[in-house]
Amino acid sequence: MKNSKNNYSAAQRWYNIKRRFLYQVKKQKRVLINIIKTPQGIVGTFIIAGLILCALAGPWITPQDPFKIVIANRFAPPSFKYLLGTDFLGRDILSRIIISTRVVVPISLSVIAIIIIVGMTSGMVAGYYSNTIVEKIIIWMFDSINTFPGIILVLTLAAIVGSSSKIVLILLMSLWRFPGYGRIVRVETLSVKEEVYIKAAQALGVKEKGILFHHIMPNVIAPIIVLAGMDFGVVTMMLAGLSFLGMGVQPPACSLGRMLQEGYVYIHQSSWMLVGPILALSVVMIGCSLFSAGLRIALNPKESFGR
Amino acid sequence: MGKYIAKRLVLLIFTLMGVMIILFGMIYLIPGDPAVIMLHQRVNPESKALIIHRLGLDQPMLIRFGRYFWGVLHGDFGVYVMTNRAVLPELLRVLPYTLGLATFAMGISIIIGVTLGILAAFYKDTLFDHIVTVLSTAAVSMVDYVAALILLLIFAVKLDWFPSLGIGERGNIIDQLYHLILPASALAISWVGYIERLVRESLGEVLSSDYIKTARLFGIPKSSIVYKYALRNAAKAVVTVVGLGWGVLLGGAVFIEIIFNRLGLGKSIIQALYSREYFAAQGGILVIVILFVGVVIIVDIICAYIDPRIRLR
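Residue numbers (the numbering used here), protein chains in the order written: chain W, 1 to 307; chain R, 1 to 313.
In short, the hints are calculated from the structure, not lab data. Some hints could be false.
No more than 27 Å apart at the CA atoms, straight line, and that leaves these computed lysine-lysine pairs for DSS-like [as the list claims (entries may be wrong)]: (1) Lys3/R - Lys136/W; (2) Lys209/W - Lys193/W; (3) Lys124/R - Lys37/W.
Derived coverage of chain W by chain R (criterion: at least 3 residues anywhere in the stretch with Cβ under 8 Å from a Cβ of chain R; other residues may be distant) [stated by the list, open to error]: (4) 142-149; (5) 238-245; (6) 262-273.
Between beta-carbon pairs, the in silico distance windows are [claimed, not checked]: (7) Gly166/R - Gly90/W: 28 to 34 Å; (8) Lys199/W - Leu127/R: 46 to 52 Å; (9) Thr132/W - Val157/R: 57 to 63 Å; (10) Phe65/R - Asp65/W: 51 to 57 Å.
Quantities reported herein were computed from a predicted structural model and do not represent experimental measurements. C-beta: ideal position from N, C-alpha, C; glycine also.
Modelling step: build the complete structure from the supplied sequences, incorporating the hints.
Here it is as structure tokens:
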């Protein structure tokens with residue numbers, strides 16, 4: 001490691017490792033065009049675009065009414081009428097999956113937006129004012145939050161505060177995820193800070209706010225964007241996990257986690273109730289990791305897949 | 001070395017203080033009156049007054065925090081409001097099952113992951129390397145509860161090879177191990193991928209460094225270079241990830257414990273939350289955090305032992 005100063009604690013080393021072999025990227029031009037040029041990128045972009053399309057056009061593209069209960073058709077296997085089968089109340093599983101994206105996608109997107117903003121600001125401030133009390137306090141905060149087992153932290157807070165409101169869910173997820181971003185940005189900032197153009201800006205008397213947001217931010221944002229592409233999947237999984245335990249999005253809104261939970265309960269009656277949501281979750285997860293792989297290559301053309 | 005450990009310990013004490021402040025603050029996040037929420041339907045004026053007095057909810061905040069802190073120092077991690085039993089013995093009873101699950105899962109991941117990683121770094125850019133890379137990339141993005149449901153569906157429900165629920169017969173080690181296979185595999189899948197990639201990356205980096213090239217020039221066989229010189233340098237990253245990963249699994253196994261209906265720390269906390277025993281959940285989280293912090297300091301000491309540069313700082 002170049003800078004042994006960032007190596008002293010296990011938690012920081014964990015993020016250094018993450019950063020080193022996943023996010024060694026630099027700012028590039030025409031990133032979006034370059035993503036589509038890579039095979040991973042185009043599949044990932046396609047899946048994420050499909051997801052967002054489902055969220056936007058949800059009620060108009062479902063093949064059946066997702067809330068219509070037809071007891072006669074319960075536990076139906078896949079057919080042309082019900083492409084992924086029906087659940088224990090005879091509701092169409094595919095339609096329910098499509099309609100569930102309407103809840104999940106806005107929440108995940110807001111979480112990602114919040115953690116990028118908060119994580120980047122706190123990381124930049126900690127990195128820029130290194131060796132001051134400000135840095136110590138911010139790192140202490142990161143350490144304290146990171147020491148919690150992430151899943152349990154979110155679950156407990158969701159149970160205590162109550163997860164009926166989406167804003168609470170969004171804030172909880174952001175609280176859980178942002179220290180990782182902060183740590184990576186801090187280390188990036190520490191190395192960017194030593195560059196000549198920062199020294200020049202300081203010598204010219206540019207205000208600190210200007211240096212932070214105008215000169216440092218564009219140079220530390222690239223790794224964070226790749227991480228965010230991957231975290232979109234992680235946050236979606238966490239939301240599903242919360243609903244699986246009955247602490248996420250509340251019924252009647254449908255969510256993948258709730259469908260998984262129902263499938264788990266009726267696992268001996270019908271396996272189709274599990275197959276649909278599992279497929280959907282896997283597609284989202286794979287889409288996100290392919291998208292961030294493509295993003296990584298687009299931001300650093302020297303790398304190839306998996307390296 | 002002693003100075004380094006002392007420094008780490010002081011920092012950890014501060015971190016633990018921060019954790020306890022967050023845990024203590026959680027109770028204030030309960031919307032409404034905590035006593036009413038915890039008593040739920042059984043609330044009446046006498047029981048409410050009793051609970052408020054017993055939990056010290058009528059005291060000012062600083063005194064309550066002092067009491068909480070003092071209690072934790074003396075091994076009092078809170079009580080179940082309904083039964084007035086202490087939380088700690090209950091947690092210690094289920095702790096071995098979680099430790100066993102996390103250790104077994106991490107063991108599988110290390111054995112498979114490190115082996116595949118060394119082989120992939122050794123046979124770089126061959127077909128084997130490419131297959132392993134694709135598989136591990138897929139494995140990393142696997143979520144544990146989805147993996148658990150897939151395994152449960154295939155191996156327990158459809159094929160009926162493994163038991164689907166429970167922890168096995170008491171005292172029967174073979175049966176308990178048999179019950180451990182599916183949950184541990186579900187937990188291990190993503191870690192196998194992660195460790196494989198990590199070993200391959202760090203080994204590849206070390207193998208292309210100058211001192212390894214020098215050793216090659218001296219004519220030392222490649223395999224003995226890997227085991228004698230390269231692995232030790234690649235080990236630092238692996239020890240960090242494995243150690244912290246094990247710590248993460250202690251609390252992160254909650255979905256697995258619920259899906260396979262096993263006893264465990266995570267499940268105890270969730271059950272406490274379901275029955276609104278917030279003080280019990282608070283104690284459970286603190287136990288996990290203390291274990292995690294213990295793992296972190298052990299990892300730090302091992303890494304400082306492997307790589308003297310860390311402790312010289």
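To see whether the hints hold, each was checked on the structure:
A hinted pair counts as satisfied when its Cα atoms are at most 27 Å apart, and lysine 3/R with lysine 136/W qualifies at roughly 20 Å. For the proposed pair lysine 209/W and lysine 193/W, the alpha carbon gap of about 14 Å is at most 27 Å, so the pair holds. With a C-alpha separation of about 26 Å, the suggested pair lysine 124/R and lysine 37/W falls inside the 27 Å cut-off, and the hint holds. Coverage of a stretch by a chain is defined here by at least three residues with a beta carbon nearer than 8 Å to that chain's beta carbons; for the segment 142-149 of chain W and chain R the count is 6, and the condition holds.
Check result for the segment 238-245 of chain W against chain R: holds, 3 residues qualifying (beta carbon to beta carbon below 8 Å, three or more required). Beta-carbon proximity to chain R at under 8 Å applies to 5 residues in the segment 262-273 of chain W; the threshold of 3 is reached and the given coverage holds. Judged by the Cβ atoms, the range 28 to 34 Å given for glycine 166/R and glycine 90/W holds: they are separated by roughly 32 Å. Evaluation of the 46 to 52 Å hint for lysine 199/W and leucine 127/R yields a pass: the beta carbon distance comes to about 50 Å.
Taking 57 to 63 Å as the suggested C-beta distance range, the pair threonine 132/W and valine 157/R conforms, at roughly 58 Å. Here the CB-CB span from phenylalanine 65/R to aspartate 65/W is close to 53 Å, well matched to the stated 51 to 57 Å.
Going down the numbered hints, you'll see the structure goes against none, and every one checks out.
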